[in-house]
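Novice: Can you build the whole structure from these sequences, using the hints too?
Protein chains in written order, with our numbering: chain R, 546 to 656; chain A, 12 to 206.
In short, the hints are calculated from the structure, not lab data.
Any given hint might turn out to be false.
Simulated crosslink set (DSS-like; lysine-lysine; CA at most 30 angstroms straight-line) [said to hold, decoys possible]:
1. K61(A) - K648(R)
2. K107(A) - K95(A)
3. K81(A) - K650(R)
4. K55(A) - K572(R)
5. K650(R) - K95(A)
6. K144(A) - K572(R)
7. K95(A) - K572(R)
8. K55(A) - K107(A)
9. K81(A) - K618(R)
10. K572(R) - K81(A)
11. K632(R) - K90(A)
12. K95(A) - K589(R)
13. K632(R) - K107(A)
14. K107(A) - K81(A)
15. K648(R) - K49(A)
16. K650(R) - K144(A)
17. K15(A) - K39(A)
18. K119(A) - K648(R)
19. K140(A) - K650(R)
20. K632(R) - K55(A)
21. K81(A) - K648(R)
No experiment lies behind these values; they were computed from the predicted model shown.
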Amino acid sequence: MRKSYVNNTIKVNEFDALIKITVEMSKYLYPYIREILRSKEDIKENSIIWNDFNKRFIDLIKERFNVESMRVKKILNQAENGEIIIKYLLILSFCISNQGYQKLKNFLYDF
Amino acid sequence: MQNKLSFHQSSVNLEIIGLPDYSNNENKDQISIISQWKLTIVDKPLIEGKIEHLGPIMDAFYIYSNLLIKNEIPIYESKLIDIKADNLHIHNIVLKSSKANVKPLVLKIGNSLLSDTINCFDQLNESPKVRIKKIDTPTKIPKKLNFGLNKKVKFVNLFIPPFFAICSLILFSSAFIYFYSPFENIEKKELTNPE
Chain R
546 MRKSYVNNTI KVNEFDALIK ITVEMSKYLY PYIREILRSK EDIKENSIIW
596 NDFNKRFIDL IKERFNVESM RVKKILNQAE NGEIIIKYLL ILSFCISNQG
646 YQKLKNFLYD F
Chain A
12 MQNKLSFHQS SVNLEIIGLP DYSNNENKDQ ISIISQWKLT IVDKPLIEGK
62 IEHLGPIMDA FYIYSNLLIK NEIPIYESKL IDIKADNLHI HNIVLKSSKA
112 NVKPLVLKIG NSLLSDTINC FDQLNESPKV RIKKIDTPTK IPKKLNFGLN
162 KKVKFVNLFI PPFFAICSLI LFSSAFIYFY SPFENIEKKE LTNPE
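Specialist: If you want it as structure tokens, here you go:
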């Protein structure tokens, strides 16, 4: 899915490290994640936060991901991507505890 | 004097009141015998109950949150609590009272409050100062998930792979009967020994 011509497979320790970084970042960014989730609950009143986040998310995806891939196209489609983004945000918000690393790992293995 | 511990996450607060188990040589500030718990969600009615209600309610939230993420049908039903999704953003919680003639308490919470509640329960689970004894309660989870949760190997499953292996060996070896013709071999032997 990434915009790269080199197809490297990720090592187990690199995968673990990425999970740890993601969990630590989620802990730090939890108030923001929570606000984005809240803004989508009442989209009429708080549409600005959601729209700003969605716009930035799409910009970053276009910059770093292979936009020709069907899966990436699905994420970029604003009519469909709401559910995917909400689920990712929920996963991150559920993994901010001390055992968040193990929880996130379990979620990823279950996908 | 009872101990009181609070777990806080944004708009949700969980309070645990109880005593240490002195018979188990526990510290003064430990809670092992929970007498009461209170779950306060901002702008929602207070939820409180006995110890036997806390475990099932926590389990309900955990199972429901897993269903929500795993693209399963997000419905959790039990004697004590029902959680259903109105849509992807709003969740409907029905808390049923064990007392007769008491109407169930209905709450609607969004994803932000759901994640706050889960994080409060995580803090409680990870706290070294509280020990919760789990009580099993019957639940109604969609059948599809029941399979996923119950990862016990079925007795029949133990016999199916060797059964298929033996059957395939029989079929494979029986196919060679068609290639092997004993009469041709006898003729060849006669040709080599013309006597």
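Novice: Hey, K144(A) versus K572(R), does the alpha-carbon distance stay inside 30 angstroms?
Specialist: holds, 28 angstroms
Novice: Given the hinted pair K81(A) and K650(R), is their Cα-Cα distance within 30 angstroms?
Specialist: Roughly 14 angstroms separates the two Cα atoms, so the pair holds.
Novice: Can the restraint linking K107(A) and K81(A) be considered satisfied, given a maximum Cα separation of 30 angstroms?
Specialist: holds, 27 angstroms
Novice: Does the structure keep K632(R) and K55(A) at a Cα separation of 30 angstroms or less?
Specialist: holds, 24 angstroms
Novice: Is K81(A) close enough to K618(R), meaning Cα to Cα at most 30 angstroms?
Specialist: Holds - the C-alpha atoms of K618(R) and K81(A) are around 21 angstroms apart, at most 30 angstroms.
Novice: Against the 30 angstroms threshold, does the CA-CA distance of K107(A) and K95(A) hold or violate the hint?
Specialist: Roughly 14 angstroms separates the two Cα atoms, so the pair holds.
Novice: Decide if the proposed pair is consistent with the structure: K632(R) and K107(A), CA atoms, cutoff 30 angstroms inclusive.
Specialist: holds, 29 angstroms
Novice: Can you confirm whether the C-alpha distance between K648(R) and K49(A) stays at or below 30 angstroms?
Specialist: Holds, at roughly 26 angstroms.
Novice: Straight-line Cα separation of K650(R) and K144(A) no greater than 30 angstroms?
Specialist: With Cα atoms ~26 angstroms apart, K650(R) and K144(A) stay inside 30 angstroms; holds.
Novice: Quickly compare the C-alpha distance for K140(A) and K650(R) to 30 angstroms and report which way the hint goes.
Specialist: holds, 26 angstroms
Novice: Checking one constraint from the list: CA of K632(R) to CA of K90(A), max 30 angstroms. Satisfied?
Specialist: holds, 28 angstroms
Novice: Assess, step by step, whether the Cα of K95(A) is no farther than 30 angstroms from the Cα of K589(R), and give holds or violated.
Specialist: holds, 23 angstroms
In summary, the structure agrees with every hint in the numbered list given earlier.
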